[in-house]
Amino acid sequence: MNMASLVPLVYILASVLFAFGLKFLGSPETARRGNQLSALGMLLAVVATLAGHHIIGWQWILLGLAIGSGLGALVAVKAAMTQMPEMVALLHGCGALASVFVDWVHYEKKHSAFIFSIGGVEAFTLYVSIVLGALTFTGSLIAWAKLSERMPGRPITFPGQQWINGLILLGILVSGVLFLMNPVRIDLFYVFLALSALFGIFMVIPIGGADMPVVISVLNSYSGVVACTTGFVINNTLLIVVGALVGANGIILSIIMCKAMNRSLGNVLFGAFGAAIKKAAAGEKKEAKSLTIPDAFLILEAARSVVITPGYGLAVAQAQHAVRELDEQLEKNGAEVRYAIHPVAGRMPGHMNVLLAEANIPYDKLLEMEHINPTMENVDVCIVIGANDTVNPAALHDKTSPIYGMPIIETFKAKTVFVIKRSMAAGFAGIENELFYYDNTRMIFGDAKDVVQKLVAEFKTK
Amino acid sequence: MNEALISQLFILALSIFLGFALISRVPPLLHTPLMSEANAICGIIIVGALIAAGVEAESPFTIILGTSAVALAAFNVIGGYMVTERMLKMFKKKGS
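Chains as they are written, first to last, in numbering that gives the first Met the number 0: chain A, 0 to 461; chain B, 0 to 95.
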């Protein structure tokens, strides 16, 4: 047996290692082992590919590897946990662009050959791969710019947007059909490549910040599909397998995120949610009751059971470490502290868990919505930090509310609710939050980190 | 349709099922590391990129494309695995 015939066997081994990697992510105890197995699979696949092919351009490969690995390592070490969503968006974009380039090289080589020949399936998967790859790349870049605040996070809409999107889609379709009828036409290749890249931009700019968990999941799914179709183009089974795994991952996460907002995928992607329903914020003026820090301390000191409900505001204020300190003080005082995590809290799936884990909060204290809600009546104090729509009781009973039907963390059932907030401004959806006016709710106004630190100071000086 | 394509489609169908089965078991607690892990393995495109840069590329233009593909895929792989490792290290149980 020579090296080349060993390559498929190593690819099978790599696929198995990737599958084990994902399986071990099923529990936090085995997750790290899973990640390491998966990385081993990747290393084997790379080594086998280099050994099994007659490589001419070593200098280019080494150059590419050095630049990519160096930058990757640098970014991975430097990125703060609050920046995880933008990091993930950037990685999606890079993977998709790499796929586009691989397809492109393949097509260019065929095109410059003496006799042009390309199979029907090859041409079709090439088309799909280029279209999805280009729009995933630009879409991810826009998502990255929005998440890192290089671009305004609010939905960007303009008149005629749907028409322009429709026209671009039509262009992608028509140039695709013409291309498939005559795949030698490289001009058409450039047309759908450019149009798809443009479409990716228009696809993501109308989507607002709080819908980012869905967008990131969808882009994740696309990046998998792109790897998969590239596998068909260059006839590589390993790419097909891995692409399918990643595609499934993105689909599952998108569904979970949409369910947690009680919205359809179509509505998130094409609805421009935040912009459309600003007017819904009417209603009679009620008085919210505010509370000073020393008074809040007295209530917390007497509490036996405390639940903290974090939202994106916690990440913005970088308050996770202060929260851990408060947690320690409360536990020293004999209270039980738990965290209620809404699936869409933050800017990507699971964002809050990572932030709290970073602050050394044990993961067994982080509870999912379904588990904490039934116990909420026995909770003395529920502290809402930087969350808004995910704790709005209107979602449960007000049929006119735009968020009606969305599952929420039922903080209002706790004996007392503290809401730490800068001001009375409405949440992302532009809806006033009923919770603020409940009899058992007390507002503590101020920056989340600042307020929590002051509470900690009260505990320390008592 | 040729036989190779049929067997590839066969593998595709089973892989999709495998993906759904494995990933629906991952708890929401680990959804962020799951996503960066998926990112990292999606960097498997590096295999295609190595062939593109090392074997297929002939003209200066395709060499640039191929080399960029290797760099982008390597960024994806190394960045994805390292950041996943960093995150997973932070998840600790009570008392440990």
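Read the hints as simulated data drawn from the structure, not as lab findings.
In this text the structure is predicted, and so the values were computed from the model without any measurement.
Some hints could be false.
Taking lysine-lysine and the DSS-like style, the derived pairs with C-alpha atoms no more than 30 Å apart in a straight line are [said to hold, decoys possible]:
1. B:Lys88 x A:Lys414
2. B:Lys92 x A:Lys77
3. A:Lys412 x B:Lys88
4. B:Lys93 x A:Lys288
5. B:Lys91 x A:Lys448
Status of each hint after checking the structure:
Distance check on the hinted pair: lysine 88 of chain B and lysine 414 of chain A sit about 36 Å apart at the alpha-carbon level, beyond 30 Å; violated. Using a Cα cut-off of 30 Å, the hinted pair lysine 92 of chain B and lysine 77 of chain A holds, with the two alpha carbons roughly 25 Å apart. Restraint check for lysine 412 of chain A and lysine 88 of chain B: not satisfied, since their Cα atoms lie roughly 35 Å apart, outside the 30 Å limit. Distance hint between lysine 93 of chain B and lysine 288 of chain A is unfulfilled; the C-alpha atoms sit about 36 Å from each other, more than 30 Å.
Between lysine 91 of chain B and lysine 448 of chain A the alpha-carbon distance is near 23 Å, which keeps this suggested pair within the 30 Å criterion.
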